[in-house]
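> So the chains spell out like this:
2 protein chains.
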Amino acid sequence: MNLLLLQPEDLGTNPNRITLSDARTDHIRNVLRANLGDTLKVGLLNGPSGNATITAISGSKVSLEFELHTPPPAKLPLTVLLALPRPKMARRIIRAATELGAADIILLNSYRVEKSYWQSPLVSDDTLHKAMLEGLEQAGDTVLPRLSRAKRFKPFVEDELPSLLENKIGLLAHPYAEQSPPQAIKQDCVLAIGPEGGFIPYECEKLIAAGMQSFSLGPRILKTETAVSTLIGRLFL
Amino acid sequence: MNLLLLQPEDLGTNPNRITLSDARTDHIRNVLRANLGDTLKVGLLNGPSGNATITAISGSKVSLEFELHTPPPAKLPLTVLLALPRPKMARRIIRAATELGAADIILLNSYRVEKSYWQSPLVSDDTLHKAMLEGLEQAGDTVLPRLSRAKRFKPFVEDELPSLLENKIGLLAHPYAEQSPPQAIKQDCVLAIGPEGGFIPYECEKLIAAGMQSFSLGPRILKTETAVSTLIGRLFL
Numbered sequence: 001m002n003l004l005l006l007q008p009e010d011l012g013t014n015p016n017r018i019t020l021s022d023a024r025t026d027h028i029r030n031v032l033r034a035n036l037g038d039t040l041k042v043g044l045l046n047g048p049s050g051n052a053t054i055t056a057i058s059g060s061k062v063s064l065e066f067e068l069h070t071p072p073p074a075k076l077p078l079t080v081l082l083a084l085p086r087p088k089m090a091r092r093i094i095r096a097a098t099e100l101g102a103a104d105i106i107l108l109n110s111y112r113v114e115k116s117y118w119q120s121p122l123v124s125d126d127t128l129h130k131a132m133l134e135g136l137e138q139a140g141d142t143v144l145p146r147l148s149r150a151k152r153f154k155p156f157v158e159d160e161l162p163s164l165l166e167n168k169i170g171l172l173a174h175p176y177a178e179q180s181p182p183q184a185i186k187q188d189c190v191l192a193i194g195p196e197g198g199f200i201p202y203e204c205e206k207l208i209a210a211g212m213q214s215f216s217l218g219p220r221i222l223k224t225e226t227a228v229s230t231l232i233g234r235l236f237l
Numbered sequence: 001m002n003l004l005l006l007q008p009e010d011l012g013t014n015p016n017r018i019t020l021s022d023a024r025t026d027h028i029r030n031v032l033r034a035n036l037g038d039t040l041k042v043g044l045l046n047g048p049s050g051n052a053t054i055t056a057i058s059g060s061k062v063s064l065e066f067e068l069h070t071p072p073p074a075k076l077p078l079t080v081l082l083a084l085p086r087p088k089m090a091r092r093i094i095r096a097a098t099e100l101g102a103a104d105i106i107l108l109n110s111y112r113v114e115k116s117y118w119q120s121p122l123v124s125d126d127t128l129h130k131a132m133l134e135g136l137e138q139a140g141d142t143v144l145p146r147l148s149r150a151k152r153f154k155p156f157v158e159d160e161l162p163s164l165l166e167n168k169i170g171l172l173a174h175p176y177a178e179q180s181p182p183q184a185i186k187q188d189c190v191l192a193i194g195p196e197g198g199f200i201p202y203e204c205e206k207l208i209a210a211g212m213q214s215f216s217l218g219p220r221i222l223k224t225e226t227a228v229s230t231l232i233g234r235l236f237l
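Chains V and X, in that order, give the protein sequences.
Residues in the first sequence are numbered consecutively from 1, following full-length UniProt numbering.
Residues in the second sequence are numbered consecutively from 1, following full-length UniProt numbering.
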C-alpha cells in the first residue's frame, strides 16, 4: 500500500484530522511500521491526496493530521471490456487494471464464461470494490474506475458497443489474428479481452461488426492478467 | 495449462508414446476433462512440441501417442535483472517473466532486499523451477529461462554487468527518472527492476555507471509483477 485511502465518511468536522481504529491501523503499525511523527501518503476516495503526519499512536488507534491538495494521477483513456474471468482470478485482474489506471471496466458475458461465475461471491460488487481499492492504494490513485456488467453478450455488443466506440479505437485481442497491436496510441480505446479459450468465432464476428479491430498477441498464450498488463504497456505506458 | 510438459526422463524407449501416472494425469482428467481419443498439446522440456492423442485412460493412468516437431516460440532477447522480490511474490513474478518469454532472469541483491529473503524456501531453486515450468505450460513454450542469482550487488554490478551490457541496451526502471521508456525496441535488452521502495541512490548510480539508462514508469507506483508485464509489453510486444 503506497497510499492510505480515506473514505468521505471517515472525515468528521475537521477535514484535516482523523483518528482511525480499524484494519488500516494494523497496516500502519505492522506493515508500514510507522511511528509517532512519521509521514505517510493519504488520499480521499475520489478526491485529492497529500501527506499525513502521525500525531498519536496507541493501542488500536492512529491519529493523523494532513493536507490534501495533490490531484490524483490521470486515468488512461481506456475501457477494458473483459469477458468475466474465472472468479478466483477476477479480483487480481481488476486490481491490476485499476493499478494501471483503466478508467472503465466492463465485465462481459461470453459463450466460454460459465454461467455460475456470475453468481460467485468472488465477483460480487463488494469483492471487486475492495480489489479496486487495493489497486488504488498500490498505485497512489484515489479515483475508482467505473465498473459495470454486461451479462448478455448480444444486446450489449449490438446495442451499446457501437455508440461506446464513437471516437474511440476498439481493439480485440485474438490469438488467431494476423496484425500486431498498435503501440503508444493517444486516442481513447476500448480493449476487449476474451475468456480462457478466447471468444468464439460468432462473438469475434459480432465484436468486429460493432467496430472492433482484431490483433494478435503473438505465439504465446498469456494468462488474462498478464495479457491486460502487457497490452496496457504496449498501448499506453 | 496450455501445453503438457514432458521431461526427457519421461520418455522410454519409444519416443512417441508415454504412460503418465503422476499429478499430470489429474490435470488431464479433471481440469482439461479430456477423454479417450482427445488431443492435447505436449512439449518436451527444452525441445519441440506437438499434438498428443489419448490412447488409454483409466484409474490414475493416461497413455499418450504423439509427434513432436514444432519448435518452441522464440524467446525475447531480454534479461530481467530483478531485485529479489518479497518471497511470497517471487514465484508469480518469475512465472510471468517466463510466460512472456524472457530468456534470462538474474535475481539481484539490493539494500532494500531483506537478507532473510535469500533463505526463504519460496525462492529456492526448486520452487522457482516449478514456477518457470508453470509459465512455460501457460505460454505453450518448452525452453526454461536461464535463472541465476547475484547475491552481492557491488561485485555483480562492477565486474559482471558491464560485459553483460555489451551490444545490449540496459534499462533501469526508476520512479524519479524523467525519460519515458523506449518502445518496441529490436535490440537485446537488460531490464533492471528494483525492490519495493526502489533501488537506493547509490545503487542507481552504480547501475548507471555500469551502462544502464534510467527511465520513469510514470506517476503510478506499480507492483513488481505488473511493472514486469507492462514493461515487456512496451518494449517487445
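Accuracy of the hints is not assured; some may be wrong.
It does not matter which identical chain is meant; a pair holds if it fits inside one copy or across any two.
[What the hints assert, rightly or not] Calculated cross-link-like contacts (lysine to any residue; reagent style SDA-like; alpha-carbon spacing at most 20 Å): (1) LYS41 x GLU196; (2) LYS88 x ARG149; (3) LYS154 x PRO71; (4) LYS88 x ASN167.
Keep in mind the hints are simulated off the structure, nothing from the lab.
> Name the hints, by number, that the structure is in violation of.
Numbers 3 and 4, in rising order.
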